[in-house]
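Protein sequences, first through last, are from chains C and D. To convert, note that position 82 of the first sequence is 82 in my numbering; the numbers rise steadily by one, no gaps. To convert, note that position 29 of the second sequence is 29 in my numbering; the numbers rise steadily by one, no gaps.
One or more of the hints may lead you astray.
Said to hold, decoys possible - A few chain D residues that face chain C, going by a derived Cβ cut-off under 8 Å, partial list only:
1. E26
2. G29
3. V31
4. D117
5. A120
6. T127
7. T146
8. G147
9. P149
10. A341
11. G346
12. A349
13. M392
14. R396
15. G398
Hints in this document: simulated from the structure, not taken from any laboratory. Cβ coordinates follow ideal geometry from the N, Cα and C atoms, glycine included.
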Amino acid sequence: MTEEVRTEFHQLMDEVRADLVQMGGMVAEGISAVSAALLAGDIGGADQIIAADDELDLLSLEAEEKCVQLLALQQPVAVDLRTILTDLRMISEIERSGDLVTNIAKAVARLHGSELEPRVRGLIDRMREQAVKLTARAMDAYAERDAGLASVLNDMDDVLDDLHNEYIVAVFASHELGKISIQHAVQLAVVGRFYERIGDHAVNVAERVEFLVTGELPEHLGANRARARREQDDC
Amino acid sequence: MAVAAALAVALVAVLLLVRGRSSASERLGRVVHRFAGEGEAPRPGEARLDRNSLDDWITYLESVATTAAMTANLAERDRARWQLAMNELAVGVVLVDEDGAVCASNALADEMMSARDAMALVGAGVTQLLESAREGQARSRTVKLTGPPPQVIEISGHPVASDSHALGAVAVMADCTEGVRTDDVRRDFVANLSHELRTPVGAIALLSETLAGEDDAAVRSRLVDRIGAEADRVRHIIDDLLELSRVELEGSMRQEPVPVVPLLGEVAHQYSEHARTNDVSLLSPDVDEQLVLHADRGQLLRAVGNLVDNAIKYSDPGSEVRLSAAPSSREEQVWVDVVVADDGIGIPADETERVFERFYRVDKARARATGGTGLGLSIVRHVVMNHGGEVMLHTREGVGTTFTLRLPACQAST
């Protein structure tokens with residue numbers, strides 16, 4: 001590669017990185033905004049959030065096109081190739097988190113008229129806090145190429161999982177007391193699941209970063225075991 | 001500076017090589033003069049320095065190098081001064097060159113641009129604005145972040161050009177959260193005040209009208225009760241308003257040593273009946289007898305009382321409200337933290353800033369049913385401000401609320 005081509009190449013890679021950080025920011029803001037709309041029963045606000053997802057979709061398409069362009073025209077190798085492959089996977093992870101935000105927004109209208117108990121509201125707020133934190137830290141890991149954060153993300157996700165379980169119990173306890181209908185309880189349980197899934201996507205991002213930096217994926221361990229078993233069977 | 005030193009060394013080497021060749025030494029002389037600038041050091045050929053002496057050339061180079069080092073040093077200090085001054089700015093500033101590479105930025109800008117949470121939207125916006133500014137277009141935009149805490153960031157990009165020759169672009173990020181909040185507070189205050197005062201007065205007018213045309217004794221007595229209740233509400237609001245303005249006017253004029261244990265005891269006694277009727281136990285375990293505040297006793301009774309009153313009101317029957325105090329030190333000063341904690345319904349995260357505003361209510365229906373005026377926490381905050389302390393609020397919906405009043409300790413007691 002000539003010097004000029006190389007600069008152009010790295011500029012485009014930097015652009016993709018900036019796009020991804022922006023997408024992460026959009027998801028983080030989306031989680032906060034949708035939680036506020038959910039707690040306030042603000043259907044108008046939820047509609048705005050649903051509309052804002054188009055912006056995220058557009059950005060993810062643009063970033064994907066840039067990655068394809070890089071792959072097709074530059075035929076990168078080694079860490080550059082890993083970076084672009086990681087970027088491609090990350091685009092879909094973040095885009096998916098954005099969809100989950102949209103799903104929560106859609107639930108706001110379905111939950112109209114239900115009075116949430118303080119305990120349930122508090123747990124939604126804590127899941128919001130944890131999901132935002134996970135998303136931001138995953139983007140930190142990506143932007144800083146910090147493989148060590150991946151394991152931290154796993155622990156943080158455990159906290160979100162625990163909150164999710166606690167939340168489900170609280171929602172159905174609230175239903176038992178006759179505070180909310182069964183329809184609303186089920187709807188709320190699904191909403192909790194969306195928060196929990198956002199956390200899973202953040203962990204996926206961190207695992208991809210680990211692959212980017214080290215070339216190893218957690219799945220490799222399992223894959224190696226499977227390979228060893230297969231060889232044993234062949235003998 | 002390093003460049004100047006290297007140049008000097010290289011020039012000396014070349015000079016050694018070309019010694020004796022006068023045209024070469026002439027050219028070298030001109031090169032060195034260019035680095036030296038006008039009239040800085042005496043040059044070989046003038047002021048007793050011999051044009052053909054290597055020693056004199058070296059002397060000259062040495063003085064040029066020293067001056068260059070000093071100039072570089074000054075430039076470095078200039079840059080550091082600018083950087084430190086920029087870091088003091090209340091806005092973020094990023095300067096890019098004509099290719100879009102960042103050549104200067106202050107600390108606040110670095111913080112905002114490296115954010116990966118929702119604040120990353122500010123960074124992305126700034127990048128876009130800088131791009132259009134480099135093409136000669138000044139634009140601005142407002143980025144609103146939900147939080148909590150909510151934030152409003154005003155960002156703008158401006159082209160940097162001298163005589164229509166583009167040199168780059170500058171972006172400014174200003175946190176307008178406080179300004180927007182103050183506007184909200186002012187608007188809501190007027191609306192809430194008129195609502196709070198008009199509702200009971202309107203009700204009294206209506207009820208007395210009905211009373212005038214009513215003959216049934218039972219209905220009449222019910223109407224009279226209602227009028228009395230509404231009048232009580234107005235009286236409470238006026239009492240609290242007067243109390244608040246008194247606290248504001250008085251400042252912290254009458255400060256005296258106030259032992260904490262009797263203070264908390266008096267508050268607990270005052271609200272014991274209220275606690276009993278709500279089936280809430282009011283506890284104040286193990287408070288250090290030695291703690292003494294330097295404060296206005298009357299104001300403190302009111303502030304802690306308001307917090308206990310709220311804690312009881314917003315707790316479920318059977319739960320407890322805890323009153324405690326502990327010493328803490330910060331910035332060389334000794335403080336006492338007076339803490340009121342409950343396991344009640346809590347305050348929504350996005351309301352924690354606003355609950356201290358006059359007449360602000362989280363849940364209007366419940367607050368009115370429990371007989372609050374919407375001024376209790378405003379009074380608390382003002383009392384603490386009068387003492388130079390601060391109020392800290394930790395809360396979670398469905399878990400509970402903890403208010404901490406950090407107040408000055410009496411120095412003699414420590």
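Evaluated hints:
1. A least Cβ separation of about 38 Å between E26(D) and chain C goes past the 8 Å threshold, and the interface hint is therefore violated.
2. Nearest Cβ of chain C to the Cβ of G29(D): about 37 Å, over the 8 Å cut. The hint is violated.
3. About 30 Å separates the beta-carbon of V31(D) from the nearest beta-carbon of chain C, more than 8 Å, and the hint is not met.
4. Interface hint at D117(D): satisfied, since its Cβ lies 4 Å from the closest Cβ of chain C, which is below the 8 Å cut-off.
5. Residue-level restraint check for A120(D) holds (minimum Cβ-Cβ distance to chain C is 3 Å; threshold 8 Å).
6. Nearest Cβ of chain C to the Cβ of T127(D): about 6 Å, under the 8 Å cut. The hint holds.
7. Given hint, T146(D) at the interface with chain C, holds; its Cβ is 4 Å from that chain's nearest Cβ, closer than 8 Å.
8. A least Cβ separation of about 6 Å between G147(D) and chain C falls short of the 8 Å threshold, and the interface hint therefore holds.
9. About 10 Å separates the beta-carbon of P149(D) from the nearest beta-carbon of chain C, more than 8 Å, and the hint is not met.
10. Among the interface hints, the one on A341(D) is violated; its C-beta lies about 15 Å from the nearest C-beta in chain C, farther than the 8 Å criterion.
11. At a threshold of 8 Å, the smallest CB-CB gap from G346(D) to chain C is about 6 Å, leaving the interface hint in force.
12. With a least beta-carbon distance of about 5 Å to chain C, the hint placing A349(D) at the interface is held under the 8 Å criterion.
13. Hint on M392(D) is violated. Least Cβ distance to chain C is approximately 18 Å, over the 8 Å limit.
14. At about 5 Å, the closest approach between the beta carbon of R396(D) and any beta carbon in chain C falls short of 8 Å, and the interface hint on this residue holds.
15. Using the Cβ-Cβ criterion of 8 Å, the hint placing G398(D) at the interface with chain C is satisfied: the shortest such distance is roughly 3 Å.
Checked against the numbered hints given earlier, this structure breaks hints 1, 2, 3, 9, 10 and 13; the rest are met.
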